[in-house]
Structures are given as C-alpha cells and as structure tokens.
Amino acid sequence: VQLQASGGGLVQAGGSLRLSCAASVSIFSFYTMNWCRQAPGKQRDLVAGVTSDGATNYADSLQGRFTVSRDNAKNTVYLQMNSLTPEDTAVYYCNARHIITRWDSWGRGTLVTVSS
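Residue numbering for the sequence shown follows the numbering used here, beginning at 1 and increasing consecutively.
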C-alpha cells in the first residue's frame with residue numbers, strides 16, 4: 001500500500017485547509033482510512049477515520065471543526081479542516097488499515113503550520 005498525502009501548508013489562525021491522501025491499493029474498500037497527526041515533541045494521535053461505507057469517527061476535541069470523507073472511486077480520503085488554531089500545527093499522516101488483517105500502512109505525512 002502506498003499513500004500520498006498532500007494539501008498541507010502555512011495558514012493563518014481561523015483559516016481552512018483540505019488535505020488529500022491518494023492510496024495505491026487494489027481494493028480501496030478493504031481499508032479503513034484514518035488521519036493522524038503528530039506535533040513536535042508529542043505522540044501521534046488519531047484525528048479522524050472513515051470506513052469503506054462512510055462511517056466516521058473523530059477525536060473528541062476536533063469534532064465540529066474537521067470533516068473526514070472518502071471517494072472510493074478515486075481511492076482518496078480527505079480531511080477538511082476549518083477554524084484552524086496554532087495548536088493544530090503538526091505533521092498530518094494518512095493511514096490505511098486493512099479491515100481483515102488489521103495491517104497498518106502509513107504515508108509520509110504533510111506538514112500543517114498555523115500561524116497566530
């Protein structure tokens with residue numbers, strides 16, 4: 001599985017960004033897709049996830065500002081991030097978890113920097 005995340009960058013507080021992650025897999029629907037993030041000096045935490053049938057889950061502190069979605073025809077998962085704050089600054093990673101084997105695959109990550 002190869003995952004290519006994109007869409008990160010520098011944004012002012014209060015702004016928005018949309019991250020994308022394209023997955024090179026044979027059957028995209030066999031994977032639950034997740035976004036995780038890792039701020040400097042901190043552990044990697046789950047941001048949001050979406051199953052193949054569209055069920056979503058979010059970190060409690062982010063629900064309402066972030067929206068995860070996927071396009072199974074394009075093998076792509078998205079993360080819409082609104083009302084960004086400097087605390088959202090992190091490297092955002094895309095993760096694919098196989099629904100049967102539970103094997104995790106990770107992309108390289110894309111850096112999001114929110115300035116105050």
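Keep in mind the hints are simulated off the structure, nothing from the lab. For every residue, glycine included, the Cβ atom is placed at its ideal position computed from N, Cα and C. Errors might be hidden in some of the hints.
Claimed, not checked - Pair ranges (Cβ atoms, derived):
#, residue 1, residue 2, range
1, G14, D104, 31 to 37 Å
2, K42, L10, 18 to 24 Å
3, D104, Q12, 31 to 37 Å
4, S116, N72, 33 to 39 Å
- So which of those numbered hints doesn't the model satisfy? none
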